[in-house]
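K.L.:
Based on these hints, arrange chain B on the given structure of chain A.
2 protein chains.
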Amino acid sequence: MAGGRPRPPRGFRDFPPEVMILRKRLLSRLERVFESYGFDPLDTPAVEYWETLSGKYGEEAESRLIWRFQDPWSGRWYALRYDLTVPLARFVASNPGLPMPFKRYHIGKVWRHEEPQKGRYREFVQCDADIVGSPYPEADAEIVSLAVDSIDALGLPGFRVRVNDRRLLAGVFEEELGFDNPLPIYRAIDKLDKIGVEGVRRELERLGLPGSTVERIMEIISWRGRPGEVLESVRRGYGSNEKVREALDHLEEMLSLADDKRVELDMSLVRGLDYYTGPILEVVLDEPRIGSVAGGGRYDGLVGMFAGRDIPATGVSIGIERIIDAGLELGVYSLDVKTVAQVAVVVLDRRYYRYAWEAARILRRGGLNVRIDLSRASGQVQRRKASRLGIPVLAFVGAKEAEGGFLTLYSAAKGERVAVPLGEAVKAVERLLPS
Amino acid sequence: MAGGRPRPPRGFRDFPPEVMILRKRLLSRLERVFESYGFDPLDTPAVEYWETLSGKYGEEAESRLIWRFQDPWSGRWYALRYDLTVPLARFVASNPGLPMPFKRYHIGKVWRHEEPQKGRYREFVQCDADIVGSPYPEADAEIVSLAVDSIDALGLPGFRVRVNDRRLLAGVFEEELGFDNPLPIYRAIDKLDKIGVEGVRRELERLGLPGSTVERIMEIISWRGRPGEVLESVRRGYGSNEKVREALDHLEEMLSLADDKRVELDMSLVRGLDYYTGPILEVVLDEPRIGSVAGGGRYDGLVGMFAGRDIPATGVSIGIERIIDAGLELGVYSLDVKTVAQVAVVVLDRRYYRYAWEAARILRRGGLNVRIDLSRASGQVQRRKASRLGIPVLAFVGAKEAEGGFLTLYSAAKGERVAVPLGEAVKAVERLLPS
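Those protein sequences? They're chains A and B, same order as listed. To convert, note that position 366 of the first sequence is 367 in my numbering; the numbers rise steadily by one, no gaps. To convert, note that position 202 of the second sequence is 203 in my numbering; the numbers rise steadily by one, no gaps.
Next up, chain A with everything else stripped away, as it sits in the complex (with noise of 0.2 Å):
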């Protein structure tokens, strides 16, 4: 093994189990909130066809961004998956006999060939909620309404999120500002949280827009905020034409179910993807500025790319990774629990193995997470041992309690010695657990 120490591939990552524990407390959370709404899982492969992929995201992930790779015996092209989307447009179009509306969860990795940089990674965990088959204003609200009650549910403690539609974007800027490709304003837009307004203002002025426009479009994207008020000024402005009128009667039904005072309606919200084509979403945190921790909209187009048929969706996308940093940053989460284990058998008498491993087997079948000395160690390695792992409850066993029947439990945060009998073993060890 030349060149040292053997590592991941760069901008993939190894996740111990303080890590490990850390994810699957969240992701267990936020499968909860998914099943509360009805919302069933769904797995799909790793690996799809190259040609499913192709197509789908624009130019720079089909060029750049997607892990493809050729099949040397058949020759056919694969990709690793890019996101959970397509492979659920490719799922509906593979099983035409889905009942609809057809609503999954999935939470799964992904690859992207991305430069490896902080929070930026190559294989990533996307936990995403859609709903397949419904074009009312009722199934994204339930989106929002979703996306809502998973922050909530990790714990994150300030958030807003931010909702547009792109149907606003496309009345109001192609149809009545008259611009053929407004892709440059939505690139100076989009800048707002990271520039602020003087910022976008230069932008745009930047782009060679005659002052009046420029004044016009920083009028516009200062419409956010409540959404009663926001709908308000945007029918003022632009609701006799059509495509704004039918976004906001879409959002106000929506809006007026997805009733949180945290939404909000924002006209400066753009998002990336080619593919949305109703309303948008964004979660973005007051602390830390980290960007969107979730994002999400309706994507009328693509399941019908697959299916040869229109069919109607929208989701939202929960950004675990970035949360996670997020909140080790505000230290609501801690990798402090370095173990599943709750209770350690401490053998102090080699003799006496057979009682120790009957006594941790009895810990188990009561329900208790319990490692017992495997390394014949002295009984002050193995409290050290116990002790690294943060292992609150030590159970000792030497030839007093075999020969008695009964274990010396010890709990160092709780400062408390105590022996029972084995058969109360179970209970005593709850007792001495942290709440």
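Honestly, the hints are just simulated from the structure, not real lab data. It is possible that some hints are incorrect.
One copy or two, it doesn't matter: identical chains are merged, so the pair holds either way.
[To be verified] Derived DSS-like pairs: lysine-lysine, alpha-carbon spacing no greater than 25 Å straight-line:
(1) K415 to K386
(2) K195 to K428
(3) K110 to K25
(4) K262 to K25
P.N.:
Here is chain B on its own, set in the frame of chain A:
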């Protein structure tokens, strides 16, 4: 999209909700058992550098079964992991400060470039538990006990755990019987389950062995069954061989701890993978006869290949894919549960949708999984959709319910219909759910 309906790649599978619901239930039972022994969760990347995997599995895997691919930008070779054991060995070497023994479980996908056929896939889930850092029989005993508890937890009725030891095989066949290359003999023995005693005899004769040697081997592989008796036979036959004696002492201690009537010592157990160095084990079901559903053993050399120092290790891999196939065949598992949803809110009058939405929210807050109509279908159609998914409880909302502040609940299975105030709805639904 030429060629009709899009599909997952050949040999790869989608897991629709009814399959995922079963898989998640079984995997969470396995996790429960793994954690009860104090094994901690670990995850490593799906992708490793090719040089990490190469030279670890033997010729066939290396030349044909590993999905490998070159990054066109860096020219570097990568591979999809072929199992979870080599990544574990790499992880241990990547983290020299890891507290020992390191006990981890890993449930994750692996990829093999198999020719797809019934029960053989190119992507499947492995469920591994390993102990790194203990050379002692108690570690192997823990692995055997874990295997027994795992299969028990999965609810499979009849099974046996077959145990042998690589050192026994080496001591007897290489040193005592003097075979320089015992592989053809091992291959013949390995077929015992499939071709029976006489079949093995014919295979051995076909190898051109003298009749007395064939009889000797036939006697050796007849040593299988209750550990005490088999140990005695082997000790009587070959106890003077040092390797054999070492293995017998180790097995004796291990089997006295992993004491279960379904554990058998079996001199005909060989197992394939090159890297085993001590005890080996395999779990086989009484019915159906589908080969082993779990396997493992001690591999003291593998971690050292990465770490540059000897690190003992032992573990087991639970073959969840085969177990699911077997459980479905036996009828102990079913795919009848098609959704996690427990309640379908049926909206009989669209004017009261907001009330229905609020009712759904209250039921969710009470811990229930609730779908609400998102397709503006008639009450009739909503009922049919709910019944097709097998959602056990319907909650009707019409003018009567909304104006009176209650819900009409209906369970087809219990043949019960009841009107309850919204505040009592959670309890009432719980009573109507199947137990």
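K.L.:
Hint numbers the structure violates, sorted upward?
P.N.:
2 and 4
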